[in-house]
Amino acid sequence: MESMKQKLVGIVGAKNVLDSQEILESFSKDQSFAVPMMPLLVVKPENAAQVQELVKWANETKTPLVPVSSGAPHFKGDTVPSVPESVIVDLSGMNKIISINRQQRMVVIEPGVTYEQLQPALAKEGMTLSTSLRPKANKSVVTSVLEVEPRLNCLHQFNYTEPIRCTEVTYGDGNQIFTGEAGNGAKDLEKQWEQEKWQVHSNGPQMVDMLRVVIQAQGSMGIVTWASFKCELLPTIKKMYIVPAKKSTDLEDFAYKVIWSRFGDKLYMMNRAYLANLLGESSDKIADLKEELPNWVAAVGISGDIMLPEMKVSGQEKDIAEIAKLAGLKFLSAIPGATGEEVLSKSINPSGEKYWKQTKKGAFQDIFFITTLDKTSKFIDAMYELAIEAGYPTEDIGIYIQPQHMGTSVHLEFNLPYDPDNTKEVKKVKGLYEKASREMSKLGGYYARPYDIWAGIQLNKDAQSYEILKKMKNIFDPNNIMNTGKLTLK
Amino acid sequence: MALSREIYQALEAIVGKRNISDNIGVLETYRSIPAQGSAHYGPSEHWTPLPQAVILPATTDEVKNVTRICNKYGIEFKASTTFWSTMGYIGGDYAIQIDLRRMKSVEIDVKNMTAIVEPFAIGATVQAEAMKVGLNLNIPGVGCSASTLANFSSWIAFGPNSISMGQGSENILGMEWVLPSGEVMRTGSLGSGDGWFCGEGPGPSQRGLLRGIFGNAGSTGVCTKMAVRLHPWPGPTSLPTRGSAPAYKMDDLGDNFKCYTLCYPSWEAWARSIQYFYECDVVYSGHRQFNMFGRDLKAYMLKIITNPDGQLADLETLSQDPYLQKQNENMKFEYQIIIAGYTKRDMEYKEKAVEYVLEQTGGWKNEMMLEKDMHDYALLYLTRMGHKNLNFVMCGAYEGTFGLSGNVWKAIQVAEEAAARKKYWEQNHTHIAATGGESAMGSLSGIGGGGATGWEFFVNFDAYDKESIRGTYEFINGNQELHNKYGFGPDFCRWNSDVRHMNGYNYTQEEHDAMFVNAPQPWVYAYQYKIREALNPNNLCGTYLRTVDPSKLEK
Chain D
0 MESMKQKLVG
10 IVGAKNVLDS
20 QEILESFSKD
30 QSFAVPMMPL
40 LVVKPENAAQ
50 VQELVKWANE
60 TKTPLVPVSS
70 GAPHFKGDTV
80 PSVPESVIVD
90 LSGMNKIISI
100 NRQQRMVVIE
110 PGVTYEQLQP
120 ALAKEGMTLS
130 TSLRPKANKS
140 VVTSVLEVEP
150 RLNCLHQFNY
160 TEPIRCTEVT
170 YGDGNQIFTG
180 EAGNGAKDLE
190 KQWEQEKWQV
200 HSNGPQMVDM
210 LRVVIQAQGS
220 MGIVTWASFK
230 CELLPTIKKM
240 YIVPAKKSTD
250 LEDFAYKVIW
260 SRFGDKLYMM
270 NRAYLANLLG
280 ESSDKIADLK
290 EELPNWVAAV
300 GISGDIMLPE
310 MKVSGQEKDI
320 AEIAKLAGLK
330 FLSAIPGATG
340 EEVLSKSINP
350 SGEKYWKQTK
360 KGAFQDIFFI
370 TTLDKTSKFI
380 DAMYELAIEA
390 GYPTEDIGIY
400 IQPQHMGTSV
410 HLEFNLPYDP
420 DNTKEVKKVK
430 GLYEKASREM
440 SKLGGYYARP
450 YDIWAGIQLN
460 KDAQSYEILK
470 KMKNIFDPNN
480 IMNTGKLTLK
Chain W
0 MALSREIYQA
10 LEAIVGKRNI
20 SDNIGVLETY
30 RSIPAQGSAH
40 YGPSEHWTPL
50 PQAVILPATT
60 DEVKNVTRIC
70 NKYGIEFKAS
80 TTFWSTMGYI
90 GGDYAIQIDL
100 RRMKSVEIDV
110 KNMTAIVEPF
120 AIGATVQAEA
130 MKVGLNLNIP
140 GVGCSASTLA
150 NFSSWIAFGP
160 NSISMGQGSE
170 NILGMEWVLP
180 SGEVMRTGSL
190 GSGDGWFCGE
200 GPGPSQRGLL
210 RGIFGNAGST
220 GVCTKMAVRL
230 HPWPGPTSLP
240 TRGSAPAYKM
250 DDLGDNFKCY
260 TLCYPSWEAW
270 ARSIQYFYEC
280 DVVYSGHRQF
290 NMFGRDLKAY
300 MLKIITNPDG
310 QLADLETLSQ
320 DPYLQKQNEN
330 MKFEYQIIIA
340 GYTKRDMEYK
350 EKAVEYVLEQ
360 TGGWKNEMML
370 EKDMHDYALL
380 YLTRMGHKNL
390 NFVMCGAYEG
400 TFGLSGNVWK
410 AIQVAEEAAA
420 RKKYWEQNHT
430 HIAATGGESA
440 MGSLSGIGGG
450 GATGWEFFVN
460 FDAYDKESIR
470 GTYEFINGNQ
480 ELHNKYGFGP
490 DFCRWNSDVR
500 HMNGYNYTQE
510 EHDAMFVNAP
520 QPWVYAYQYK
530 IREALNPNNL
540 CGTYLRTVDP
550 SKLEK
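Just so you know, the sequences run in chain order D and W.
In this text, residue positions in the first sequence follow numbering that gives the first Met the number 0: the first is 0, and each later residue adds one.
In this text, residue positions in the second sequence follow numbering that gives the first Met the number 0: the first is 0, and each later residue adds one.
Source of the hints: derived by calculation from the structure; they are not laboratory data.
Don't take each hint at face value.
[Unchecked claim] Pairs of lysine-lysine, BS3-like flavour, derived with a Cα cap of 25 Å:
# : chain 1 : residue 1 : chain 2 : residue 2
1 : W       : Lys343    : D       : Lys186
2 : D       : Lys256    : W       : Lys131
3 : W       : Lys343    : D       : Lys329
4 : W       : Lys551    : D       : Lys470
5 : W       : Lys131    : D       : Lys186
6 : D       : Lys186    : W       : Lys63
7 : W       : Lys343    : D       : Lys238
8 : D       : Lys256    : W       : Lys343
9 : D       : Lys470    : W       : Lys63
[As the list claims (entries may be wrong)] One side only, chain W facing chain D, incomplete, derived with CB under 10 Å:
#  : residue
10 : Ala12
11 : Lys16
12 : Asn18
13 : Gly181
14 : Glu182
15 : Gly187
16 : Pro203
17 : Val356
18 : Leu357
19 : Asn517
20 : Gln520
Beta carbons: idealized from backbone N, C-alpha and C, even for Gly.
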């Protein structure tokens, strides 16, 4: 142990090798139902060279590494070691914004950069980066996008992996390359910039898409040490409208038509409980909001930037209102309990110190997967039935439908708040989570991001994918040192 | 070595007697001249090798069984569909050609804007089916007569619509893919039977092993079915046309479609306008199309190709016309766009936005291209991409060179130097057509939303004249110096020169090792080697997958 520590001190420096009980415990568990496991050490590399050295060392010593970039708390089990004697690679200290290029609308950042840090820096250059819904304040932007957390602007999601473009990756075998177009040039960003190459194109470098090896991988294939992102222009006008509805199905035709027309820059749907949780700053306020809010809403954002913004926004306001009218719906700037402005602000700005999903009861469990919009209602009906069976209050189930990849699929999320100090409730939610996860899969829910028990559920349905996945693991991490045990890979 | 009777009969048992042949007359039609339309292979007396048999499977199961036979007996195979280029042909002697023309279904999921296509569903067919239900697809520059599935799986696949629809890679959803080993891989949600809607995951995206910035060019088995994302089409259920062949025009598509040729006073203004369009979601299609005829000839050629009786012989007369001379000069720095409105207000906004860009950049709309026939011709051309014959009209063959892909601001720094170099060759050698030097054509953006252009200079030559091929080859070889000077990497038309010998045969591993071991990031090629070892252990699909034996790097 001591010699191991000394070796790591040699790589990252004494101050960056941590072994206090408190720190190790903080990485041994998260807010999910994942089984806790104490890591051996925590190391905090400061640059890509150190990361590569760490991975090479781990290969020599067959030590499992668990990369972590976002700050605590964590919620999906992916940062909790699955095997003993793992070393946590805490990348939160690698938090440099390496380059911002307004001409190309590109930014290059390290994995420890958070939205709170990034958005103001981009705003100074007249840009912004698309976000997932109300991210954690200390959420790593790189992790959020690598793990394909759904973005609010599906119409700009030309590629499934948007807005990430190129990366620097140290794969599990210790080799380090640039992915995307950056992989075809010198392995030196400065030199690439001298040639006016700005890491714009995500595919490749050649006939294999090396970025796709590390997306949705929970750190099981390699460690990303910088990533480039395509930014949006900072809107000069931004508005959010709300379309209330009694049932989720009432919103389907409206949403399909808005997507087809390519109007708006944000579109998502959520039920009363989810919206109340998003907006409410306390459990009392959430309860009040649930009394006022409609059963379901679609939130539609419209923005204008440099190109005739007033004309664009006013035209789309009228056009989308007409689409709503044809669907028998109202297109409103405010509803009882919420204004569009509030919904927008809460959607795009990072959560406060406490993550917003914890506000209602202190803890929560999500179940999310991919399907198509027209199939969402069957999952929702099934979820309610399962909740009734489990004795979980259906009115507490938050539901979020986020169209993605230009609307060809949706992220469907069920949010189950619970009181972590109430043993009975914890047990109930755990049981519901496990059963519902299996049932959703049986109904055709696709766990593209297979965290925790979903990996087993998903891969048990798809033996061929599991075989290919094992081959991938063997190519990029032959000694199985990267987040060992995740994705059920051995 | 010929296929044994035993093997032939095993293959015949899979597809039936009518769908396999080893008749020499049939086999000869499945060969390509590596120089055909591809001067980068250089003057060559060789055709690609003669296949031992040609086989036409009709189902994924049949393809799977064919590849298993190939594995068992170590037979190289290559699948192709519309056979646009040499990359679809085999590169060894003990090999069979798989022709997928019997697999051609198209199914459309209207609500979720998706088409599930088989290999021989060509762009025109998919588009026609999609338009019936208000949808459209990205048809790449190769044109609508080429296979959608092959474009998306096996090459780059960007075209005029890519700015609003994305390129091939971005539009792929679930795929069914027969690996060289005979295993069937179904990507994303398809693998677990959940549907075609997502092509990624579960977990790390396995499709990454099959397609990068280029497709796999048939080097990793056979894609047998694919879901592709479709896009809105605010037009009628079929394309209305008028006129006579070959000069059909779009006939009254509606007021919500406009095609403009936008012109600028300088390359700088031209690039600035493109950047505006990258930032405003206004353009439905964007292409610099007609400059493929060359800076000096495009206005005259447009008059010829829009006239059903027009001939190349008219060039001389037309080139004396002062009006056309003025148009030619007026269109020096230009490109074409289509704007499409989803509502009247949307169209009004897009029209104003185009005016705004022109005001900001000092640009204008070319008046000749606003003439009804010209407008309607260009609108049909860019919407359908059905005029690929025109690529060949000058001399019978063409090749793209310079490859100014990527950053538009960088491309314009090179454009005039490249034009001058080409003009010098046009005037001092007889090998390439004299069209005015600058002949850059291509997509406003090669990726969805803009950000990376895809331009090439068209070079017209005679593929049946060895001296013309030789001269073109020398010209193109020299262009690489310009590429090196500006850090552009390989010239566009040399992208394939490292995957097949000039005589049509595959490279050996040792040859590939020597080529790529000193690449700026050689592990890219070493990983491709490892992937081939995992998915194609018997190395049966030619050498289009560039590889380096990792042991060469580990040393």
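A quick look at each hint next to the structure:
Pair hint Lys343/W plus Lys186/D does not hold up; C-alpha atoms about 50 Å apart against a cutoff of 25 Å. Distance restraint check for Lys256/D and Lys131/W: the Cα-Cα separation of roughly 17 Å lies within the 25 Å cut-off, and the hinted pair is therefore satisfied. The straight-line distance between the Cα atoms of Lys343/W and Lys329/D is roughly 21 Å, inside the 25 Å bound, and the hint therefore holds. Taken as a hint, the Lys551/W and Lys470/D pair is honoured in the structure, with Cα atoms around 22 Å apart against an allowance of 25 Å.
Distance check on the hinted pair: Lys131/W and Lys186/D sit about 48 Å apart at the alpha-carbon level, beyond 25 Å; violated. Proposed proximity of Lys186/D and Lys63/W is contradicted: the alpha carbons are some 40 Å apart, above 25 Å. Straight-line distance between C-alpha atoms of Lys343/W and Lys238/D comes to about 22 Å, which keeps the hinted pair within the 25 Å bound. Using a Cα cut-off of 25 Å, the hinted pair Lys256/D and Lys343/W holds, with the two alpha carbons roughly 16 Å apart.
Between Lys470/D and Lys63/W the alpha-carbon distance is near 20 Å, which keeps this suggested pair within the 25 Å criterion. With a cut of 10 Å, the hint placing Ala12/W at the interface with chain D is violated, because the nearest CB-to-CB distance is about 25 Å. The interface hint given for Lys16/W is broken, as the beta carbon of that residue sits about 32 Å from the closest beta carbon of chain D, more than 10 Å. Checking Asn18/W against chain D: minimum C-beta separation of about 27 Å lies over 10 Å; hint violated.
Hint status for Gly181/W: violated, given a least beta-carbon distance of 12 Å to chain D, over 10 Å. Of the supplied interface hints, the one on Glu182/W holds, with its beta-carbon coming within about 7 Å of a beta-carbon of chain D, less than 10 Å. Hint status for Gly187/W: holds, given a least beta-carbon distance of 7 Å to chain D, under 10 Å. A cut of 10 Å between beta carbons decides the hint on Pro203/W: the least distance to chain D is about 4 Å, and the hint holds.
Taken as an interface hint, Val356/W checks out: its beta carbon lies about 8 Å from the nearest beta carbon of chain D, inside 10 Å. This hint is violated: Leu357/W has a C-beta 12 Å from the nearest C-beta of chain D, more than the 10 Å allowed. Taken as an interface hint, Asn517/W does not check out: its beta carbon lies about 12 Å from the nearest beta carbon of chain D, beyond 10 Å. The interface hint given for Gln520/W holds, since its Cβ lies 5 Å from the closest Cβ of chain D, which is under the 10 Å cut-off.
Of the hints listed earlier, those the structure fails to meet are numbers 1, 5, 6, 10, 11, 12, 13, 18 and 19, in rising order.
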